[in-house]
Every structure is written in structure tokens, then in C-alpha cells.
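Novice: The primary structure of each chain is shown beneath.
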Amino acid sequence: MTGPVELWVYLSASPLLWLTLTLAVWVAARALSARLNNHPLANPVLVSVATMAAVLLATGTRYERFFEGAQFVHFLLGPATVALAVQLVRQWAEVRRYAIPALVTLFVGSLVAVSSTIMLSKILRLGQTTVASLAPKSTTAGVAMAISSSIGGDPALTAALVIATGLLGALMVTPLMNAMGIRNYAARGFAVGLASHGIGTARAFTVDPVAGLFAGMAMALNAIVTSVIVPLLI
Amino acid sequence: MVRGFATLLAFQLFGEALTFWSGSRVPGPVIGLVLLAVSLVFVWRGWMSAGVAVSEDVEKTANGLIVNLGLFFVPAGVGIVQHLDLLAAEGTRLAIVLLSTTLLTLIVCVWTFVLVDRLVQRYRGGAQ
Chain A
1 MTGPVELWVY LSASPLLWLT LTLAVWVAAR ALSARLNNHP LANPVLVSVA
51 TMAAVLLATG TRYERFFEGA QFVHFLLGPA TVALAVQLVR QWAEVRRYAI
101 PALVTLFVGS LVAVSSTIML SKILRLGQTT VASLAPKSTT AGVAMAISSS
151 IGGDPALTAA LVIATGLLGA LMVTPLMNAM GIRNYAARGF AVGLASHGIG
201 TARAFTVDPV AGLFAGMAMA LNAIVTSVIV PLLI
Chain B
1 MVRGFATLLA FQLFGEALTF WSGSRVPGPV IGLVLLAVSL VFVWRGWMSA
51 GVAVSEDVEK TANGLIVNLG LFFVPAGVGI VQHLDLLAAE GTRLAIVLLS
101 TTLLTLIVCV WTFVLVDRLV QRYRGGAQ
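Protein chains in written order, with the numbering used here: chain A, 1 to 234; chain B, 1 to 128.
Extracted from the complex, chain A is given alone in its bound form:
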């Protein structure tokens, strides 16, 4: 009577299954990444997203159903952003030492990130909604979605593009910076935090604590600057 199919039908309808799976996949992805010495391609966010997306597609589960469970994890983005304050104060001496380069880079980088995205996507003749959804892609998910909906973009699409941008930055940053011969970890961290928000910041923390600190700082500051400049540039 109650075979595995019925059990699946029963469990897959509950948030518990999707929350547990998301956490379990993350733990496994972290272990895999550690085993491969934090190789960029074994990025735990990339591995987790790919695995969960494959599970949803294979089982024909709707995203909304998955999100009923995963929302508890999603919710922690806010408090995790607030939590960056601890690092900021703990390492205040580093922050002060690099305050001027950080501020200059913030404005230059933010402008380049937004304007290059708008220009290139217009050159490639992407649709207006897609351009608006792309413009805030370097900022953290929640902020980017708010900006996107205020300028006529699609917030759900923006979320996906934000994650893709985060992953690309996290994948590229280490080999790129090594190839460029950059040994200043404050600079490396700030660049990846600005270009690739929290996913870049997570990557930076696995490479170097100072890089992580400056990545978190860039992410927080860029959220402010981008929300001001995107409506002006689009």
C-alpha cells in the first residue's frame, strides 16, 4: 500500500524535505570543496545550486514547493549581512589603513559594473526587461531584486543573474589575480566583493581573512551605491 512512491509524494509536499536536502547538499559540497583544497571549480554554492536544480528537474518539483522549505535558509541572508559588522570593527585598523583606496574603488568599480553591463547588453540587443534585470547584477540578491523591480526588470530573473555573476566572480578571481600578480589581499577581496557580492565574499573568506573583510565591506557599500546609480544610468 505505502511504497516508496507514496512516501515520496508525502514527503516532497513538506518544507522539511527541501530544507533538509538543501542543508545536506551544502554540507556535502563544503566537504568536497575542502577536499579539493577550495579549488574555484568546486565552489560549494555552484555545486549546491547545480545539484538542487538537477533534483528539482529530475523529480518535476516546482520551484515554489522547494522554496517553501528553502526560504528559511534564504531568510538568513539579511542577518548574515548585518553580521559583517563584527569583522569590520574587529579589523578596524586594516579598514582605516585602506580607507582611501577602498572608497575610490567603490565609486569607480560600481560605475564600471553597472554602465558596462547596460552598454554591452544594449549592443547585443537584449530585451528591455532583460537589460533592467541585468543592471544591478553585481549587488547582493535582495537589493538587486528591489532595484530591478523599481526599473521595470524581472526580480526573479535578476536573482538568477545575480547568482550567476557571483559564481563567475568567485570562479575567476583567484586564477585572475594570480595571473595579474596581485598580492594585496585587501585589493583582491574588495574587487571580488564589489563585482560578485556575497558569493565572492564567501570565496574571499576561504582564501584569506583580510580578503574576506574587504569583500564584505565592498559588498555592503556597493549595495548602497548601485541602488543610487542604476536608476540614473538605465
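Think of the hints as simulated: they come from the structure by calculation, not from any bench. Don't be surprised by glycine CBs; every beta carbon is placed ideally from N, CA and C. Be a bit skeptical, because a hint or two may be false.
As the list claims (entries may be wrong) - Stretches of chain A that chain B covers, calculated by requiring three or more beta carbons in the stretch to come under 8 Å of a beta carbon on chain B:
{"hint": "1", "stretch": "6-15"}
{"hint": "2", "stretch": "92-102"}
Claimed, not checked - Derived contacts from chain B toward chain A, CB cut-off under 10 Å, selection only:
{"hint": "3", "residue": "36"}
{"hint": "4", "residue": "48"}
{"hint": "5", "residue": "52"}
{"hint": "6", "residue": "73"}
{"hint": "7", "residue": "101"}
{"hint": "8", "residue": "107"}
{"hint": "9", "residue": "109"}
{"hint": "10", "residue": "114"}
Model the placement of chain B on the given structure of chain A, informed by the hints.
Specialist: Leaving out everything else, chain B in the frame of chain A:
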């Protein structure tokens, strides 16, 4: 742990409230971050001794969250399954935009940072 978590949430809540009232574009959690940083400076400089125990809890909770920062992006990332049709239609152009602009931003940022830092060092060195 609960006390630390509650404190982080309270600062976020306060940030959201300020954003709402002021009608500003600055996201609530970012305001919460700034407010928490200021409070921590007060506590750790000994100007607000009542907050010491709470700040220790906050630090433990904060470290736990930051170690797993990437996890919190997974639910939004899985949202990609809703846009597979767009990916199929515009995937190549989207990939070109994402790849090249992220690469450009990384390079411009790191060069600007290193260059300005060198100028600042030279100026400070010259002033001594």
C-alpha cells in the same frame, strides 16, 4: 546563541524601519550593519559595559553565519530552473554579458585599489 541571533535580527529590523521611514534606497540590512558596527565600537571601547556579554554572543553567531555565507544564496540560485527557456533563447548573449562585465569589473577594481593605495603610500611617505 539565541541572544546573539536575536540581536542581529533586531539590528536588521531597526535598519528596515529606518529605511522605510526615511524612504531611502539603502537596504535595511546594510543600515543594520552600520548600526551594529557603531554599537560594537561603543561596547569594545568600554563606553557601554552592559553590552559586553551580548557582544560576545553576537560575535559567535556572526562567525557562524559568515562561515556559511554561500549557503544563503543557494535558494535564490536554484531559481534558475524557472528561467531555462530564457537561457535557451538568450543564453549565449547573457553569458557574454555576465562573463565580460564581471571580468572587467574585477580588473578595474583591483587596479584602482592598488594604484590609489600606492599613491596614498607615496604621499604619506613624502609627508613624513
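Novice: Of all the hints numbered above, which does this structure not satisfy? Sort the numbers upward.
Specialist: The structure breaks hints 1, 4, 5; every other hint is satisfied.
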